[in-house]
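Here the structure of chain P is known, so what remains is to put chain W in place on it, guided by the hints.
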Amino acid sequence: MENEVQVKTEHLVKRYPMGAESFPALQDINLQFMKGEFTGIVGPSGSGKTTLLNIIGTLDKPTEGEALLLGKTISKLTHKEGAKIRNEHLGFIFQTYNLLPVYTVFENVEFPLLLLSMEKKERDEAVWQALEWMQITEKAKVKPNQLSGGQAQRVAIARSIVKKPKIVIADEPTANLDAKNSHRILQLMVDLNKDLQTTFIFSTHDEKVIQYLRRIINLEDGRVASDELVELNGIATQE
Amino acid sequence: MIRFILKGVLRDRSRSLIPVLIVAIGVTLTVLIYGWMNGVVDNLMRTNAYYNTGHLKVATRAYWTEAEQLPNDLALTGMDRLLTFLHKNYPDVEWKPRIRFGGLLDIPGPNDETREQGPTAGIALDLFESGKWAERRLFKLQESLVKGRLPRTQNEVLLSNQMARSMNIDMGDEATLIGSTMYGGMAMYNFKVVGVLTFGVQLLDRGSMIAHLNAVQRALNMDNACSEIYGIFKNDIYSAERAADIKQDFNRQKSKPDDAFSPQMKLLTDQQGLGELLPVYRSAWLVLLLIFVAAMSIVLWNAGLMAGIRRYGEIGVRLAMGEDKGHLYRMMIAESVIIGLIGSVLGTAIGLAGTYYLQSVGVDISGFMEDASMFIMDRVRARVTPTSYVIGFIPGLLATILGTSISGIGIYKRQTSQLFKELET
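For the record, the sequence lines run as chains P and W. Numbering of the first sequence is given in this note's numbering, commencing with residue 1 and proceeding in unit increments. Numbering of the second sequence is given in this note's numbering, commencing with residue 1 and proceeding in unit increments.
With the rest of the complex left out, here is chain P (with noise of 0.2 Å):
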């Protein structure tokens, strides 16, 4: 299964308004990721990483190509569509962690499983197991106000990995974090792909990211520069 296609962009193009002109974010994108796959996009500012994650995560539409994401052709996808795959199959994690201040971790945690509509037993199981994996269980009845940076990432990838889903997006998850926790992080990232098969796609700039990547996909002013394999001590293949 790990050959499973989750993702495929053919020929994607994104493109801008700018007054009477268009800005081309994406040109010819052509990329396809892999059940397991541990994938960072990496590029400069203003590269497109952002635009080709939202439109990978249903966020956003492409102007011309195509894009499928679990099967199905996201330009295609209704509003309701979209926030329905993001609920039972995508995950986000964001730079700035955007942990409900009012809930406590648990609560956070457990807020895609209520929108899931799964029964409260099963929903507990399932938070303490993502807080487990997470090694935050004694935070769980704490506000995200008496967490520090590195705790809250923490859980804000316990609630992305609650509802086990079969792709992660990660907006540059270590931006706001120092190297030790950073590396904590993604270690726990690495496990949960190895544990769970999950798909993590990264978008980010962050050395310490770039040496945990099986796949660094460089994308300089909206065109995919290089596709590169990693093995984790080096690179092993350049397309």
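Keep in mind the hints are simulated off the structure, nothing from the lab. Computed from a prediction, not measured in an experiment: that's the story for all the values here. Just to be clear, a hint being listed does not mean it is correct.
Subject to a maximum C-alpha distance of 25 Å in a straight line, what follows is the list of computed SDA-like cross-link-like pairs (lysine to any residue) [claimed, not checked]:
{"id": "1", "chain 1": "P", "residue 1": "Lys120", "chain 2": "W", "residue 2": "Arg11"}
{"id": "2", "chain 1": "P", "residue 1": "Lys143", "chain 2": "W", "residue 2": "Leu6"}
{"id": "3", "chain 1": "P", "residue 1": "Lys166", "chain 2": "P", "residue 2": "Leu188"}
Below, chain W without anything else, positioned relative to chain P:
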């Protein structure tokens, strides 16, 4: 999910406190105004019914046309037979014969010369009947007595305090009523003043004289006659439908358009412009209710927009996580219902406390009523009714739902493609 929302609303005071306070204030005012308007309408109806119009009133057709002149030459004759008919046919109504008369009141000095003289507007009642519906109870004579006592014999009378003071009348003084008989002759009749009253109704307190019916019948030569017969529903509640039925039935049987002296029945709302006034009072609170709903909705809309800005990140995360915009919008409405309910309960409790206070203490409006031509008690009291307990929930819930519905439209305008950028800040 509702429990989840409830936790959020209760924990996030900035999300709930200001809207709850806004709703509570609006609901409090609604309950207070509703209770107050109830009290005013109740006061107006009760005071008029007891002192002036009855729930129903019978007089001759000719009397009705000149009722303001107190034309006793057009009075009802054959009073006993008419009363028997009324009691028999409409037993749910208490029927009271009264004579309203005008004249001069002459107070003699020690040598029988005129010491003081002044105009009076008198009401003759059966002062000695007993029971729940006794006239002395309807007129609250015992409670209104400020000096002296109630009459024990037929020729004893009560005067309004203002009149007694202005004419230097003391208890036990003789007072001669100078007026005209039912047949147009001059009437002079001696009474003895035994008590002084303050009704708390300006129209009565200016120059009233309360005398026994039989004595005035004698004084004005009105044997078995009276000016008017008042009908008060025995349950003390004016039923417009029942009153209209009785009126129609009575007039069909007794009133003859070609006979000016035949009796004619009128409703409370046919008299003194009350038919026009009461609906205005009744609908006034509805207008106020609408104003409150509109004002609160605007404030809550604004509060919703502020909350929307403050919760921009939360809403963004929820959309990114796959919460449908429609679901998110509905959850916001559910939150507003919770806030509306909490605010309405709080506002209703405060409003009811205030209404109960105004019901027991009342507000003295005599200063505004000095020249009034309306029968209304000087002390107006609010009135709590079963509706008072629920009326506040209408603006409380309507305003919060309306305010949130408008402010929540922004959720639908949110571009999901901007979420990553928005959530990075």
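Original post:
Does W:Leu6 lie within 25 Å of P:Lys143 when you go C-alpha to C-alpha?
Top reply: The given pair, whose Cα atoms are some 16 Å apart, holds under the 25 Å limit.
Original post:
Is P:Lys166 close enough to P:Leu188, meaning Cα to Cα at most 25 Å?
Top reply: 17 Å, holds
Subject >> Proposed proximity, W:Arg11 with P:Lys120 (alpha carbon, max 25 Å) >> reply: 22 Å, holds
Checked against the numbered hints listed earlier, the structure breaks none of them; every hint is satisfied.
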